[in-house]
Every structure is written in C-alpha cells, then in structure tokens.
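> If you're matching them up, the sequences are chains A and B in order. Going letter by letter, the first sequence gives residues 1175 to 1308 in this note's numbering. Going letter by letter, the second sequence gives residues 21 to 149 in this note's numbering.
The set of hints was computed from the structure by calculation and includes no laboratory data. For glycine and all other residues, C-beta sits at the position ideal for the given N, C-alpha and C. Careful, some of the hints might be misleading.
Calculated cross-link-like contacts (lysine-lysine; reagent style DSS-like; alpha-carbon spacing at most 30 Å) [claimed, not checked]:
#, chain 1, residue 1, chain 2, residue 2
1, B, K56, B, K121
2, A, K1295, A, K1284
3, B, K28, B, K121
4, B, K121, A, K1267
5, A, K1284, A, K1267
6, B, K28, A, K1284
Now the stretches of chain B that chain A is said to cover, found in silico as 3 or more residues with beta-carbon under 8 Å [claimed, not checked]:
#, segment
7, 69-78
8, 87-95
Spelled out, the chains give:
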Amino acid sequence: MTPARTETIEIKSSDDVVRVRQLVRAGAIEAGLSLVDQTKIVTAASELARNALDYAGGGTALIDVAENAGRRGLRLTFEDNGPGIADVQLALKDGFTTGSGLGLGLGGAKRLSNEFSITSKQGVGTRVTIARWT
Amino acid sequence: MDRIPILKMGDALLVTIQVDMHDRLATALEEDLTSKIVANHSRGVLIDISALEIVDSFIGRMLDNIAAVARVLDAETVVVGMRPAVAITLVELGLSLSGVKTALNVERGIAMIQRRLETPEAVDDAGED
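Extracted from the complex, chain A is given alone in its bound form (with noise of 0.2 Å):
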C-alpha cells in the first residue's frame, strides 16, 4: 500500500478551482474511489473552491489521501482567511446565499462526503473538511 499524501493548493482564480478539481480527482483514483465516489468528491471540492474564491477572495485546498479504520479515501480541508460565516446552520440551508450562487455549495458538499464539519469565525475565517472513504 502506497504511503499517505498531502498535497496543498492555493485558490486565487478560477482556474485554480479547475486546477484543485483535477488533483482531487487523481487523488481519489490513487485513494480507490469508485466511480461514482470519486465525482461526488471532485463536486464537492469544486463547491467549496468556489466558496472560498468568491466569498473570502481565495484560500488554499489540502488533499489528503488517508486511510481511516482500515478503509482508504481522501480527506480534504479548505481554508480561508475571509469575513467567516455569521450563521452556519443557516449557510448550510439549501437556497440560502449572501452573493449570486444558487446557495447549495455548502449543504451540497456535505451530503456528497461522508464526514464533514466546518468552522468559523467572523474576521478571521473559515476551515470546511470532508472526507470520502471506499
């Protein structure tokens, strides 16, 4: 078995979103995803590039290919030094938005991982991980 993998990424433009969609990708294929795992991870990833690209001006993407209780996946943490979110259970919401997206971003990305927890300060920032296991 191949040793666990971390790899960071800044998200400063739209092509960097691009960018952390395809090392998410081959870090799922590396991790053993199927499929169909592997889309819902690289969609999240994308939500949440997004998120923090149009929200906090930019942040950086941590990959991970990790292994938990035996089964192997990739955990994936997003950071941003930006306004923080005022009400998280309510950014979770679907349709809720403070800019021009549809406002699934958030709860999208948590139903497509099987762990997800987020956390956030006003002025300070904001850090999402998730997770996808095979």
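Assemble the complex: chain A is given as a structure, and chain B must be docked to it using the hints.
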C-alpha cells in the same frame, strides 16, 4: 480568449462542452449563444455535456441561465449526454435543473426539438387551464 464553438444544425445550435468551464468561458458562451440564436433564427439549443466529468452548481447555473435566455428568444434548450455518475451526484448535490430539458443523447435531443417545431404554435399551451 478561449471560446466554445457553436455549430448550426438546421433550426438548432449544437454546443459541445469539452473543457473545464470557468467564469469567463461560461459568460462568453452565454453571450455567443444568445447572438447566434437571433442571427440564425434558431428554435433549439443542444448542449452536449458527455465529456464533462462533473457538473457543479456553477455549471448548473450556467445551463439554467442559457435555457432561460433561450426561452425568452423562443428557443428550447436540451442538455444531452449526461454521464450516469454525474446524474447521481447532481441529484445529491440538490440541483434539479428544473428549467432545462434533458435527453440521453444528441439524436434524441434533436428529435425533441423537431417535435416542438412540428407542433402548431397556436396550439402551444392554449386552453390548458
């Protein structure tokens, strides 16, 4: 700047999305399609997404926008060729693409637009209520 080619097929326009979309490309596509619908008097727009590995809410919104603008210009939009894994993910994401018609492949999409053209326009939606 990159642009996505738009092909004319009779009364319809065909767009094949093959690259990873980003904001500028999506905006350019919306604008190009709008002017081509008007210039060619197109009645339908086929968007082939069979090459797309994911559809996120950004792409979903683009498809919805194109369909809405096309509808205002009296053209019908049909999205064709969605991969099974993409369809599963899309539903779980919460995107219903309610404003967009879908067909399994280009042939069926063309047939869909053709049927609409053959329906006498006066009958459209008349006396439904």
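> Please go over all the hints and tell whether each is borne out by the structure.
Hint by hint, here is what the structure shows:
no. : hint                : in the structure
1   : B:K56 <-> B:K121    : holds, 20 Å
2   : A:K1295 <-> A:K1284 : holds, 19 Å
3   : B:K28 <-> B:K121    : holds, 19 Å
4   : B:K121 <-> A:K1267  : holds, 26 Å
5   : A:K1284 <-> A:K1267 : holds, 11 Å
6   : B:K28 <-> A:K1284   : violated, 41 Å
7   : 69-78               : holds (count 6)
8   : 87-95               : violated (count 0)
The structure fails hints 6, 8 (numbered hints given earlier, in ascending order).
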